[in-house]
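Protein sequences appear in the order of chains A and B. When we follow full-length UniProt numbering, the leftmost residue of the first sequence carries the number 1, and every step to the right adds one. When we follow full-length UniProt numbering, the leftmost residue of the second sequence carries the number 1, and every step to the right adds one.
Do not rely on the hints blindly, as some may be mistaken.
Listed next, the in silico DSSO-like pairs over lysine-lysine satisfying Cα-Cα at most 27 Å (straight line) [to be verified]:
| id | chain 1 | residue 1 | chain 2 | residue 2 |
| --- | --- | --- | --- | --- |
| 1 | A | 124 | A | 92 |
| 2 | A | 92 | A | 160 |
| 3 | B | 91 | A | 39 |
| 4 | B | 91 | A | 92 |
| 5 | A | 39 | A | 160 |
| 6 | B | 25 | B | 91 |
| 7 | B | 91 | A | 160 |
| 8 | A | 124 | B | 91 |
| 9 | A | 39 | A | 92 |
| 10 | A | 92 | B | 25 |
Calculated from the structure, these hints are not laboratory results.
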Amino acid sequence: MAVDRIAFRVREGEVFGFLGPNGAGKTTTMKMIQCISPKSGGTLQVFGMDVDTHHRRIKSRLGVVPQENNLDPDFSAYRNLLIYARYFGIPKREAERRAEDLLAFMQLDEKRDVLIDNLSGGMKRRLIIARALVNEPELLILDEPTIGLDPQARHLIWEKLRSLRAEGNTLVLTTHYLDEAERLCDRLVIMDHGKILVEGTPADLIREHAGNDVVEVERTQKVVARLEELGLNYDLAGDVVQVFTDRPNDVARELLEACRHEAAVTVRPATLEDVFLRLTGRSLRE
Amino acid sequence: MIVDITTRVQSVWRRNWDAFLRTYKVNFIPPFVEPVLYLLALGFGLGTYIEAVDGIPYPVFIAPALVSISVMYSAFFECTYSSFVRMYYQKTFDAIIATPVGIDEVIAGEMLWGATRGMIYAALMLPVLLIFNVVAMPSSLLLIPFAFLAGLLFAGIAMCFTAITPSIDALNYPSFLFITPMFLFSGTFFPLDLLPEPIQYFALATLPLTHVVAVNRAITLAAFSPVNLLNLAWIAAATAIFFVLAIRLMRRRLIV
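With the hints as constraints, model all of the structure from the sequences given.
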């Protein structure tokens, strides 16, 4: 079983994230929302319609950015959009207009007549997003939208996704990049082993599960002994000790003294990545 | 519902038609070159040693077989190797079923396209055969619509194999163990009744090409017999069965 008794509700106009390690059930959840993977029980409604009985009507209002590139290699960027529009039954004239607009929106005008194999990874990803918008969807589902992209390409995609949100679109996305989730998501869930562990806004989740700040120091016996003495909670992360605390300066001072200023002590704000690793553990998946 | 198909199936067919047109020069070579080569080598080369088969000049005897074989190959290979590439490597089917087009329509569209390709090939071969003066007119115009039905049969059979094949290499099994024997033993280059009687019945029962060749030969010779109705019935029934079976097998493969 890929997902087990999960429950969630996405609000209109928000960006909702699914986070989790490989095999957590994110992609399966996306495919169930897309009316592609069948479910063995429970109910799932999209736009208030049941996915089992109304798949065509739901899919006509969805935009999907899959994890794997499935652009059509037999055609150019522009014709990929036209042919995809045809699957939605969009008239040719209208499809041509939208294809031109979307290429401009995703900054692909210059690549209009280039075959898919000759596009870079970032361009392909942008074209897939353009393709997902061809039916003017009310809900956009993005499975790892920036996977494998360089920072420039990721920032461009983030900018475009934010502008889509500003126009009132609803976005559901999965990602492994926690900075991406923190930047984009209004609310998110963290999944593991097919279950939802927590749900909330990035800020609330950080406050609840990691505290405000993190003090990091090299792991030595003295440091660990001092932390035990102080009765502070700490996490071991390889050769680093992490202390999640609301009094970072006091803790840092204590630790600097304990290791006699021999090791570096850093104080930084807690991030979603801290929450993620605390909840799902540090062991490798798959 | 046995199969869930709406007019959206045409968008899948159109995708393949567009791809075919984009590379039309390559695609148009086989139907022009193949009949010329076969007619020269077998019909007028080897054929000089064969005066006539059942009173028919040898090139005239094999002409309908060449059309049948071309229809079989084009539809079968379209819906095995080409469909497998689109399904497995290009993920084209996944992309399409994220739209209002359903999986049944994707598979049906692929098979209808395979049939169309068979029909295009038959239509392109006809002028070549006319130049060699080996087919009767106007009855031979029927080769074209019949190629669609025959193409749909082979497309359906092909799609069943595509649905169950573990890999693209494993598609070589049906190609060599089913298609190649059919190419030789379906009354194509020598009459079926040269074979021992039990094998004749075996061929008629299990090799679809025998029926296709029989119908096409009746068309090109303008000599129809009541037996052709049986051939047509066999083809129609098998086409319907494999069409539905292919969709059901593909659903099992793709819906996970």
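* Satisfaction of hint between residue 92 (chain A) and residue 124 (chain A), Cα-Cα up to 27 Å -> This hinted pair holds, its Cα atoms lying about 23 Å apart.
* Asked: Within a Cα-Cα threshold of 27 Å, do residue 91 (chain B) and residue 92 (chain A) meet the stated pairing?
  -> 24 Å, holds
* Does residue 91 (chain B) lie within 27 Å of residue 25 (chain B) when you go C-alpha to C-alpha? -> 26 Å, holds
* 27 Å Cα cutoff - pair residue 91 (chain B), residue 39 (chain A) -> 22 Å, holds
* Asked: If you draw a straight line from the CA of residue 39 (chain A) to the CA of residue 92 (chain A), is it 27 Å or shorter?
  -> Measuring from Cα to Cα gives roughly 36 Å; hence the hint is violated.
* CA of residue 39 (chain A) to CA of residue 160 (chain A), is that 27 Å or under? -> 32 Å, violated
* To do: For the pair supplied as a hint, residue 92 (chain A) and residue 160 (chain A), confirm whether the alpha-carbon distance does not exceed 27 Å.
  => Between residue 92 (chain A) and residue 160 (chain A) the Cα gap is close to 26 Å, so the pair holds against 27 Å.
* Asked: If you draw a straight line from the CA of residue 92 (chain A) to the CA of residue 25 (chain B), is it 27 Å or shorter?
  -> 26 Å, holds
* To do: For the pair supplied as a hint, residue 91 (chain B) and residue 160 (chain A), confirm whether the alpha-carbon distance does not exceed 27 Å.
  => 25 Å, holds
* To do: Starting from residue 124 (chain A), check that the Cα of residue 91 (chain B) is at most 27 Å away, please.
  => Between residue 124 (chain A) and residue 91 (chain B) the Cα gap is close to 14 Å, so the pair holds against 27 Å.
The structure shown violates the earlier hints numbered 5, 9.
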